[in-house]
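Could you put together the complete structure from these sequences and hints?
Residue strings, one per chain:
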Amino acid sequence: MMAMMMGVAMGDIVDKTCKQTPDYSLCLSLLRSDPRSSSADTVGLGLILVDKIKALGTETLGQINMAYKTKPMLKKPLDECNLRYKTIVDVDVHTAIIAIRGNPKFAEGAIVDAGVEASVCEGGFPKGQSPITGLTQKMNKICDVTRAIVRMLL
Amino acid sequence: MASSDALLPISAREEDPLLSDGSRSDPNAETHGRRRPVKGLLAVSFGLFFIAFYVALIATHDGSRSNDVKIESDGTATTVSRAHLAGVSEKSNDQLWKLSGDRNTVAFSWNNSMLSWQRTAFHFQPEQNWMNDPNGPLFYKGWYHFFYQYNPNAAVWGDIVWGHAVSKDLIHWVHLPLAMVADQWYDANGVWTGSATFLEDGSIVMLYTGSTDKSVQVQNLAYPEDLNDPLLLKWVKFPGNPVLVPPPGILPKDFRDPTTAWKTSAGKWRITIGSKINRTGISLVYDTTDFKTYEKLETLLHKVPNTGMWECVDFYPVSKTLVKGLDTSVNGPDVKHIVKASMDDTRIDHYAIGTYFDSNGTWTPDDPTIDVGISTSLRYDYGKFYASKTFYDQNKGRRILWGWIGESDSESADVQKGWSSLQGIPRTVVLDTKTGKNLVQWPVEEVKSLRLSSKKFDMEVGPGSLVHIDVGSAAQLDIEAEFEIKKESLDKILGDASATEEFSCQKSGGSTVRGALGPFGFSVLAHESLSEQTPVYFYVAKGKDSKLTTFFCADSSRSSFANDVVKPIYGSSVPVLKGEKLTMRILVDHSIVEAFGQGGRTCITSRVYPTKAIYGAAKLFLFNNAIDATITASFKVWQMNSAFIQPYSEEAVRALSRT
Numbered sequence: 002m003m004a005m006m007m008g009v010a011m012g013d014i015v016d017k018t019c020k021q022t023p024d025y026s027l028c029l030s031l032l033r034s035d036p037r038s039s040s041a042d043t044v045g046l047g048l049i050l051v052d053k054i055k056a057l058g059t060e061t062l063g064q065i066n067m068a069y070k071t072k073p074m075l076k077k078p079l080d081e082c083n084l085r086y087k088t089i090v091d092v093d094v095h096t097a098i099i100a101i102r103g104n105p106k107f108a109e110g111a112i113v114d115a116g117v118e119a120s121v122c123e124g125g126f127p128k129g130q131s132p133i134t135g136l137t138q139k140m141n142k143i144c145d146v147t148r149a150i151v152r153m154l155l
Numbered sequence: 042m043a044s045s046d047a048l049l050p051i052s053a054r055e056e057d058p059l060l061s062d063g064s065r066s067d068p069n070a071e072t073h074g075r076r077r078p079v080k081g082l083l084a085v086s087f088g089l090f091f092i093a094f095y096v097a098l099i100a101t102h103d104g105s106r107s108n109d110v111k112i113e114s115d116g117t118a119t120t121v122s123r124a125h126l127a128g129v130s131e132k133s134n135d136q137l138w139k140l141s142g143d144r145n146t147v148a149f150s151w152n153n154s155m156l157s158w159q160r161t162a163f164h165f166q167p168e169q170n171w172m173n174d175p176n177g178p179l180f181y182k183g184w185y186h187f188f189y190q191y192n193p194n195a196a197v198w199g200d201i202v203w204g205h206a207v208s209k210d211l212i213h214w215v216h217l218p219l220a221m222v223a224d225q226w227y228d229a230n231g232v233w234t235g236s237a238t239f240l241e242d243g244s245i246v247m248l249y250t251g252s253t254d255k256s257v258q259v260q261n262l263a264y265p266e267d268l269n270d271p272l273l274l275k276w277v278k279f280p281g282n283p284v285l286v287p288p289p290g291i292l293p294k295d296f297r298d299p300t301t302a303w304k305t306s307a308g309k310w311r312i313t314i315g316s317k318i319n320r321t322g323i324s325l326v327y328d329t330t331d332f333k334t335y336e337k338l339e340t341l342l343h344k345v346p347n348t349g350m351w352e353c354v355d356f357y358p359v360s361k362t363l364v365k366g367l368d369t370s371v372n373g374p375d376v377k378h379i380v381k382a383s384m385d386d387t388r389i390d391h392y393a394i395g396t397y398f399d400s401n402g403t404w405t406p407d408d409p410t411i412d413v414g415i416s417t418s419l420r421y422d423y424g425k426f427y428a429s430k431t432f433y434d435q436n437k438g439r440r441i442l443w444g445w446i447g448e449s450d451s452e453s454a455d456v457q458k459g460w461s462s463l464q465g466i467p468r469t470v471v472l473d474t475k476t477g478k479n480l481v482q483w484p485v486e487e488v489k490s491l492r493l494s495s496k497k498f499d500m501e502v503g504p505g506s507l508v509h510i511d512v513g514s515a516a517q518l519d520i521e522a523e524f525e526i527k528k529e530s531l532d533k534i535l536g537d538a539s540a541t542e543e544f545s546c547q548k549s550g551g552s553t554v555r556g557a558l559g560p561f562g563f564s565v566l567a568h569e570s571l572s573e574q575t576p577v578y579f580y581v582a583k584g585k586d587s588k589l590t591t592f593f594c595a596d597s598s599r600s601s602f603a604n605d606v607v608k609p610i611y612g613s614s615v616p617v618l619k620g621e622k623l624t625m626r627i628l629v630d631h632s633i634v635e636a637f638g639q640g641g642r643t644c645i646t647s648r649v650y651p652t653k654a655i656y657g658a659a660k661l662f663l664f665n666n667a668i669d670a671t672i673t674a675s676f677k678v679w680q681m682n683s684a685f686i687q688p689y690s691e692e693a694v695r696a697l698s699r700t
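For the record, the sequence lines run as chains S and P. Heads up, the first sequence is in our numbering, so the first residue is 2 and it goes up one at a time. Heads up, the second sequence is in our numbering, so the first residue is 42 and it goes up one at a time.
Honestly, the hints are just simulated from the structure, not real lab data. Quick reminder that beta carbons are idealized off the backbone N, C-alpha and C, glycines included. Some clues are possibly wrong.
[As the list claims (entries may be wrong)] What follows is a list of derived Cβ distance ranges for each label pair:
no., chain 1, residue 1, chain 2, residue 2, range
1, P, 266, S, 17, 14 to 24 Å
2, P, 496, S, 153, 47 to 57 Å
3, P, 229, S, 69, 35 to 45 Å
4, P, 500, S, 21, 49 to 59 Å
5, P, 400, S, 30, 52 to 62 Å
6, S, 69, P, 266, 49 to 59 Å
7, S, 59, P, 334, 49 to 59 Å
As structure tokens, then:
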């Protein structure tokens, strides 16, 4: 009973936090899908979302790889996307993780950059021909939400 | 003129000599009476299409403008292909990135030629990797020392240690080995920002913030291992560190960047450290006699609600009457004190002028309406400039300002090019003895030693003019210019009661929007086609009270085709006193442009990343985009040499010692 009440109380932190982000329902679904969110502070919630960015980035890299075979005429923009998404997964995510604990403004910069890299990648395809539009749009939305949470740490 | 343009189609607004694609449409197509009704109907629907298109563009652009409308011969309009990121809001530094939906771009990629051009020739930067805040600058035994936040492992923030370099003249540097690394529990997560203090016996103490193994922010003491070594190569950390930990009521991550200490009238040393309580930015005060034990004062140096965390606080005296620097401990009736802080929320450095009360360690601003950190309060620089720090140069009796100039490009590019960030050219700082209300900054005199050949120009430039200034290579320049608006032009505007307007550099659309008395200035790093360019200019606006206000702006919105860089329009009003001509100085050094208006009353640093206006293709233009005013321009342009910043070697040190 106590645990349940505690669970509800902790869940409220997720609710309160998500209300201060640009996409409340996305924020809720991302955080609640991770069991760590019920006992996390703001730093913890931020880290959960950075994990989501990493997972989405990795998934997108997989799709980019497959697209080389199915859409070989898009090699050039796919190469650019490969570079950009590698930056997201290897660089931005890493910087965000270390900075969130110590100096959150650098985490904010890394998360904003992740959104830029995704947008630039998407923008490189001729109109309507991107094989990853849904994924880049999702990346931008997650970055917006994550950024809002990181700004709460400033 | 600018203010009445709100409802005109884009084509009418942008009829100016600076448009690269030379697109012209007849702005009067729908207003002049046309005899042939078919043509009139076409023109009207054409005009309506434009209005709708313009509205759509505004909706997706968050206030940035795309100047890329091109009219085809069949009357339809297409956008010149260019992906376009919405501009940065100046107030909150809120970098909201959105790609324009309407473009048919070719995928843009950075190549090594473009990227390697971006490295500067005479600005301080390490050979590679990431840099941020300036640390502990000082002059000792003939050498200027510069330390800085550095990542030895990557071109992004992380693994922060203290880099080190020395120079005889603040311009020609040689890199030295790292001064301090993260080798203690109390700085395991970062050897962060700090400041140097000279003791009476001439020795040096360094106070710096360590991020502990638990990411708690503490203050630590360090000092040179060997004071006989003019290069101060090795530093010793006090075994009793940390000397300060977050006090009660202060969160463990809100306690950093200790200042240089100053002597109180009671004979103690005093420092201040920025922090926050909820959303109120504050500066804590501590007294010490030995830099090892401290007493915290009950009072704060100052606080300002709603400004958030104060980073890199700086506190120093300025003379009210003399144009020189003062040692940090100086106090007296002829002195004002500056409180400066870097606002974590907005990444903007703000300062205010005020009075220091030594008896209780407090400070009050002369003008509370522009108190430190309020969005309208004064800034050292209206562009990209953060975490700045001054030091007293006892060698030449001046106070010198260093500022961290970060990149405005993507991390992909930083990783690809292998480095990130610059320091601004060091500037002297004094109180403006003429206005008494602002500081004046100017590049240190020693930068002139880089001047090579020069060309002098005197010209009268009519409204709507663009003049190519042939100076040969145009990526490393020092420009000093004086402008005057012809009296007849001024009289005409002053006499016209209706010609009032509101203007702001950020919101008034950039250098292509023409006003009665501006914009006019230089376009640097410009391609001959003007497809890429960075205008730096004055804009004189007549306000409702019939007074003229002069604005000084730097417009990077068309500086590059690249779609992954920030391209803001920066600037501010600049005080111009009676009888003064309008003056500007511009230092161009590849991907950095530093502009100084009215002798340094308003300064703007911009980072730009042209893709075509590079190497031999970078040109300089003078322009006058005013509608009514003819201006006279008198200016000199110098080619600037490289500073040849050297990696560490005894040879390089010897070579510099001989200068």
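To see whether the hints hold, each was checked on the structure:
1. P/266 x S/17: 14 to 24 Å: violated (51 Å)
2. P/496 x S/153: 47 to 57 Å: holds (54 Å)
3. P/229 x S/69: 35 to 45 Å: Distance hint for residue 229 of chain P, residue 69 of chain S holds at roughly 43 Å.
4. P/500 x S/21: 49 to 59 Å: holds (56 Å)
5. P/400 x S/30: 52 to 62 Å: holds (58 Å)
6. S/69 x P/266: 49 to 59 Å: Given a distance of about 56 Å, which is inside 49 to 59 Å, the answer is holds.
7. S/59 x P/334: 49 to 59 Å: holds (51 Å)
Hint 1 from the earlier list is the only one contradicted by this structure; the remaining hints agree with it.
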